[in-house]
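Visitor: Could you put together the complete structure from these sequences and hints?
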Amino acid sequence: MSAAPPVQPVSSTRAPGLRAGRAALAVSFLLQGTVFALLVTCIPEIQHRYGLSDALLPAFLAAVPVLAGVGSILSEQLVKRTGARAVLRVVQPAVCLSLAGAGLGDTLWQLALALGAFGLLVGALDASMNMLGVGLQHRYGRSIMIGFHAAFSLGGILGAAVAGLGSHYDLGLPVLFGTAAAVVAPLAVLTGTRFAGPAELGDAVREAAEAAARSIPWRPLLPLCLAMAFAYIADASVSNYSVKYLTDGLGSPEDLAKLSYLGYMVAMLLGRILGDRAVQRFGAVAVVRTGAALAALGFGLAAVAPAAWAGIAGFTVLGFGICAIIPQVFAAGGRLFPGESDAAVARLNLFNYVGFLIGSPLVGAIADASSYRWALLAPMLLVLAVLPLAERFAPAPVQGLAPAA
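With this note's numbering applied, the sequence shown corresponds to residues 1 to 405, in that order.
In case anyone wonders, no lab produced these hints; they're calculated from the structure. You can trust all of the hints, since none of them are fake.
Listed next, with one range per pair, are the computed distances between beta-carbon atoms:
# : residue 1 : residue 2 : range
1 : D368      : V304      : 14 to 22 Å
2 : A23       : R277      : 19 to 27 Å
3 : K80       : P306      : 48 to 56 Å
4 : G251      : W218      : 44 to 52 Å
5 : A182      : P253      : 21 to 29 Å
Every residue gets a Cβ at the ideal spot worked out from N, C-alpha and C, and that includes glycine.
Guide: Written as structure tokens, this is what we have:
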């Protein structure tokens, strides 16, 4: 199997444009984190506004990652024709408009239309952002992707905080989502004017896409795929149900309940800032094992929480655990196939959607049959299953694959 194309170093003539493109893409990740957090932390308000039953809620939530997967696949064809920058410039403002639509309707068909559009657009947004990020990373010749995902976490903190203020002052979804869209959409348009293009990236995006298209065996990746799915099942459980658990299960006011997701995202951000140092000092295997144990502990603390603040603390602990697992899955895939790391990362990323697709219906169905306390135990057990997989996070390179130049 052939080696990956050599990474082209950043030249002095293109460095300023690349730096501006990198900063713009980080802002794009931040804006997306803000919009996503606004939507998921307002699930109780959405359910109340549209009269959505607890039995029907999981179906609506599960439709979003399904359509996101469709949007991601469709965006690949669009990127081939127009480029990742062009797709991202269009879909990010459109995501903001779909958020506004979710807050302005009052019937179930309007909610289905808004969430359907949100899912399709988010899939295209996720794919094009990461394609552009991979292209930038190729041109830089070093890892910069974790920084983009840290920006997403920072946006999640901002979005959860804004949602909490909206609940505290009883703004209502039309005002909250409409105002957010009116602010974020123009920022997205402005940010899009600074994205890196062919002049800065050269053939980096094409080279990354060609690397991702190469055939690599699935079998060595399967343990990492499972770890990714389990981690995103846990993440989906927090995103979709942490606020609802606090309001319905622990009797928390809605503004206080928003702090469950806020604490989770703060812990994710801090973990991503400190995670590389922990891996360098203790090794990836130890960090993943500790992360899985912390995540399970967080679910357990949340499940037995006697009051809202204890639940918030549990979800915060959970964030510290999950943040260590997800980046290390990608890193382990790169080490497993050093000459085909982009292809490995592309396959592993599919299990992001698998985790979200399973996590929301799983927790929702158990909660509907019993309670949210029991429902939180399901993702707790699944994240514990990462422990025996931890050894796969420090694999020897597969024989016969040439390392990248």
